[in-house]
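If you want the building blocks of each chain, they are given just below.
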Amino acid sequence: MNVAITAQPKRKPSFSEWLKTLTFYELLVGMKATLKHLLNYKPITLQYPHEKRLLPENYRGMLALLRYDDGTEKCVGCDLCEAACPSRVIRVVSGEVPGEPTKRYSKEYYMDMTRCLFCGLCVDACPVDALGMTREFEWAVYDKRQLHLNKQQLLAIGDRAYPVREKRLELQHPNVAFFNVTFKHLPQKEN
Amino acid sequence: MEIGLRLAVSLAQIAAVMGVVMLTVMVLTLAERKVLGWMQDRMGPMEVGPYGVLQPIADGLKLFFKEDIIPAGANKFLFTLAPILALVPAMIGFAVIPFGPTMTIELFGMQVKPFVISDINIGILYILAFASIGAYGIILGGWSSNSKYSLLGGLRSAAQVISYELNVGLAIVGVILLSGSLSLVKITEAQAGGFWNWFIIAMPFPQIFAFVVYVISSVAETNRVPFDLPEAESELVAGFFTEYSGMRFAFFFIAEYANMILVSCVAAALFLGGWNAPYPGTILGHLGLDALAWIENVVWFAAKVYFFLFLFFWLRATLPRLRYDQLMRFGWKVMLPIALGNIVLTAIAAYFFPR
Chain V
401 MNVAITAQPK
411 RKPSFSEWLK
421 TLTFYELLVG
431 MKATLKHLLN
441 YKPITLQYPH
451 EKRLLPENYR
461 GMLALLRYDD
471 GTEKCVGCDL
481 CEAACPSRVI
491 RVVSGEVPGE
501 PTKRYSKEYY
511 MDMTRCLFCG
521 LCVDACPVDA
531 LGMTREFEWA
541 VYDKRQLHLN
551 KQQLLAIGDR
561 AYPVREKRLE
571 LQHPNVAFFN
581 VTFKHLPQKE
591 N
Chain C
186 MEIGLRLAVS
196 LAQIAAVMGV
206 VMLTVMVLTL
216 AERKVLGWMQ
226 DRMGPMEVGP
236 YGVLQPIADG
246 LKLFFKEDII
256 PAGANKFLFT
266 LAPILALVPA
276 MIGFAVIPFG
286 PTMTIELFGM
296 QVKPFVISDI
306 NIGILYILAF
316 ASIGAYGIIL
326 GGWSSNSKYS
336 LLGGLRSAAQ
346 VISYELNVGL
356 AIVGVILLSG
366 SLSLVKITEA
376 QAGGFWNWFI
386 IAMPFPQIFA
396 FVVYVISSVA
406 ETNRVPFDLP
416 EAESELVAGF
426 FTEYSGMRFA
436 FFFIAEYANM
446 ILVSCVAAAL
456 FLGGWNAPYP
466 GTILGHLGLD
476 ALAWIENVVW
486 FAAKVYFFLF
496 LFFWLRATLP
506 RLRYDQLMRF
516 GWKVMLPIAL
526 GNIVLTAIAA
536 YFFPR
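Protein chains in written order, with the numbering used here: chain V, 401 to 591; chain C, 186 to 540.
Just so you know, the hints here were simulated from the structure itself, not pulled from any lab data.
A virtual CB, placed ideally from N, CA and C, is assigned to each residue, including glycine.
Hints are not guaranteed to be accurate.
The calculated lysine-lysine pairs, modelled on DSBU-like cross-linking and capped at a C-alpha distance of 35 angstroms, are [what the hints assert, rightly or not]: (1) V:LYS436 / C:LYS333; (2) V:LYS544 / C:LYS518; (3) V:LYS432 / C:LYS518; (4) V:LYS412 / C:LYS251; (5) C:LYS371 / V:LYS410; (6) V:LYS452 / C:LYS219; (7) V:LYS567 / V:LYS503; (8) V:LYS432 / V:LYS442; (9) V:LYS436 / C:LYS518; (10) C:LYS333 / C:LYS251; (11) V:LYS452 / C:LYS298; (12) C:LYS219 / V:LYS420; (13) V:LYS567 / V:LYS507; (14) C:LYS518 / V:LYS442; (15) C:LYS251 / V:LYS432; (16) C:LYS371 / C:LYS333; (17) V:LYS544 / C:LYS371; (18) V:LYS436 / V:LYS507; (19) V:LYS420 / V:LYS410; (20) V:LYS452 / C:LYS251; (21) V:LYS432 / V:LYS410; (22) C:LYS333 / V:LYS442; (23) V:LYS551 / V:LYS452.
Estimated spans, in silico, between C-beta atoms of each pair [as the list claims (entries may be wrong)]: (24) C:LYS247 / V:TRP418: 49 to 59 angstroms; (25) C:GLN511 / V:ASN458: 42 to 52 angstroms; (26) C:PRO505 / V:LEU446: 44 to 54 angstroms; (27) C:HIS471 / V:LYS410: 28 to 38 angstroms; (28) C:ARG508 / V:TYR542: 57 to 67 angstroms; (29) C:ILE254 / V:TYR542: 20 to 30 angstroms; (30) C:LEU525 / V:ARG453: 16 to 26 angstroms; (31) V:PHE424 / C:ASN331: 55 to 65 angstroms; (32) V:THR423 / C:PRO505: 32 to 42 angstroms.
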C-alpha cells in the first residue's frame, strides 16, 4: 500500500451510501443496463460477406484507367499523376503514338497498390480524366505482388467499373482537350 | 460377479454424468459468446450452422487438429501434467452432486442410486479438497511454460485461489451447521418442502450473507471476470495458458467451464435447495404420477444451475477487472470477516433454535 501524500480526513459515509455499498447498488445498476440490452436485443452488426454497407457516392476505392467510348485509352502519358502521387504509387513510361509525333500515350503504366493511400490526388491531377476511383474495396490478396498492377489490369478495372464512357476529346468542345474543364453549357460539336 | 456388476453400473453412471457435463461445457462455450454478444448489441458467432449453433463443434475440431507445441526450455513432464491436474479435479467433483431425488432402484438385483454417483458422507469436504488440487494445475502450468506471462499468471492465481477458497469454505460452514451433515444429499434433503426451507432464507438464521460470499468467492475461484487476474489478457496475454495450444489448451478451457458448472451445482445444492421445487413436493407427485416426479426435480436442479451460469456471463458482460490489491483487500478484509461473523451468528442461532 502506498501512503497518501496529502492526508485527507476520511469522510464518514452517510447512511444511504453505506446501504448502497451493502446492497451492491452500483453493481446492480450496471447489471440492469446489460440485462436491458439483452432483453431488447437490437444488434448493430452487419453480417459482412453476406450483407454489405451502402457506400457513399464519393467513395474513394480502387483506382482505374479509363477509355473513351470507342475503346481507345484516355491516358496521354503526361506523368502528372506520377508527380502528384505522395506515396510514389504510380510509374508511367510515356511514348509517342507511332506515326503521330504530336500525340503521346503511356507505353507502360504501373501502380503499386500496396502503398496507395487513396487520397485521389492523381485523379485530380489528370488533365484528361483518364484516372478514376471505383467503389471496389475487396482487394485482399494472398500474395502482395498481386497488388502491383500493370496497365492492362488497371484498364480492366476501369472497364468493369465504368461501363458508360465519355466521347473522345476532339468530339467534345475544343477547349476541353487542353484544360480539363467542362463546357456543358456551350453547344456541343456535332459528330 | 457382484463387484463386476457394481463396477459396470458405476462406470455407466460416471459416463452419463461426464457426458452431460461435457455437453453442458459445449453449450456453455456457445452460450457465453451469444449472451455476451447480445448484451453488447452484437450477434455472437453466426457462421457455423444456423445462428452459429455448431460453433462448439467447429472449435473442438480446430483445437483437436492444432499443432501441439511444447516451448523450448519448458519442463516437459510438468507441462504435460498441468492440464490434467486442472481438468481431473474439476470433473471429479461431480461424483457427489445429487442431480435428482434420493431414491434407489433395483438393477440386476442391486440397490442403485440413479442421481448421485457416490453418496459419501463428507461430500462437500471432498469437493473443496479437489478444488484446491485444481490450483496446482494452474500454478504448475504457469511455472513449467518457461514464460514470464505464464509465471505471473500462475503466481497471481495461486494467491487468488488460496485467498478465496478460504472464503468458500467458511461460507459453507453455516449451511453445514444448520443441516448437521457434510453430505450433499443430506444437505439437499434438509431443504425439502418449499422455498422457505432453502438455506438462503431458512430459519433460524438465513444464510443470505454466506450465499453472497459464496457466489463472489466462487467467481473468484473459477478465475472469471471480474476476478480474472490470472488470465488478464490486457496484461498477461492469456495468463497461465499463454504457451499452451491444441488439446492441452482445450483441457484448461474445459476445466474452467467444468469448474463453473461445479460451483453452480454446489451453490444450488447448498443454498437454493438443490433438486427441491420451490413448493412442497412436486406437481407431478400431487397429480399421482410419483414415478415421474424425478423429472420435475431434475428440471428444477438444472434451472438453478443454469441461473448461476447465466449470472457468470452476466457479470462478465457488466464488470471491469479488479486491480490486484483490490482483489486481495476485498478477499481478506471484507469477505473473510463477513464469513466468520456468519459462522458465529449461525452457530448461536442453531444452538438456541435447533431444527
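Hints, one by one, checked against the model:
{"no.": "1", "hint": "V:LYS436 / C:LYS333", "verdict": "violated, 40 angstroms"}
{"no.": "2", "hint": "V:LYS544 / C:LYS518", "verdict": "violated, 58 angstroms"}
{"no.": "3", "hint": "V:LYS432 / C:LYS518", "verdict": "holds, 28 angstroms"}
{"no.": "4", "hint": "V:LYS412 / C:LYS251", "verdict": "violated, 57 angstroms"}
{"no.": "5", "hint": "C:LYS371 / V:LYS410", "verdict": "violated, 48 angstroms"}
{"no.": "6", "hint": "V:LYS452 / C:LYS219", "verdict": "holds, 22 angstroms"}
{"no.": "7", "hint": "V:LYS567 / V:LYS503", "verdict": "holds, 18 angstroms"}
{"no.": "8", "hint": "V:LYS432 / V:LYS442", "verdict": "holds, 16 angstroms"}
{"no.": "9", "hint": "V:LYS436 / C:LYS518", "verdict": "holds, 33 angstroms"}
{"no.": "10", "hint": "C:LYS333 / C:LYS251", "verdict": "holds, 24 angstroms"}
{"no.": "11", "hint": "V:LYS452 / C:LYS298", "verdict": "violated, 57 angstroms"}
{"no.": "12", "hint": "C:LYS219 / V:LYS420", "verdict": "holds, 31 angstroms"}
{"no.": "13", "hint": "V:LYS567 / V:LYS507", "verdict": "holds, 22 angstroms"}
{"no.": "14", "hint": "C:LYS518 / V:LYS442", "verdict": "violated, 42 angstroms"}
{"no.": "15", "hint": "C:LYS251 / V:LYS432", "verdict": "violated, 40 angstroms"}
{"no.": "16", "hint": "C:LYS371 / C:LYS333", "verdict": "violated, 46 angstroms"}
{"no.": "17", "hint": "V:LYS544 / C:LYS371", "verdict": "violated, 68 angstroms"}
{"no.": "18", "hint": "V:LYS436 / V:LYS507", "verdict": "violated, 64 angstroms"}
{"no.": "19", "hint": "V:LYS420 / V:LYS410", "verdict": "holds, 18 angstroms"}
{"no.": "20", "hint": "V:LYS452 / C:LYS251", "verdict": "holds, 33 angstroms"}
{"no.": "21", "hint": "V:LYS432 / V:LYS410", "verdict": "holds, 31 angstroms"}
{"no.": "22", "hint": "C:LYS333 / V:LYS442", "verdict": "violated, 42 angstroms"}
{"no.": "23", "hint": "V:LYS551 / V:LYS452", "verdict": "holds, 29 angstroms"}
{"no.": "24", "hint": "C:LYS247 / V:TRP418: 49 to 59 angstroms", "verdict": "holds, 50 angstroms"}
{"no.": "25", "hint": "C:GLN511 / V:ASN458: 42 to 52 angstroms", "verdict": "holds, 50 angstroms"}
{"no.": "26", "hint": "C:PRO505 / V:LEU446: 44 to 54 angstroms", "verdict": "violated, 28 angstroms"}
{"no.": "27", "hint": "C:HIS471 / V:LYS410: 28 to 38 angstroms", "verdict": "violated, 58 angstroms"}
{"no.": "28", "hint": "C:ARG508 / V:TYR542: 57 to 67 angstroms", "verdict": "violated, 44 angstroms"}
{"no.": "29", "hint": "C:ILE254 / V:TYR542: 20 to 30 angstroms", "verdict": "holds, 24 angstroms"}
{"no.": "30", "hint": "C:LEU525 / V:ARG453: 16 to 26 angstroms", "verdict": "violated, 58 angstroms"}
{"no.": "31", "hint": "V:PHE424 / C:ASN331: 55 to 65 angstroms", "verdict": "violated, 41 angstroms"}
{"no.": "32", "hint": "V:THR423 / C:PRO505: 32 to 42 angstroms", "verdict": "violated, 20 angstroms"}
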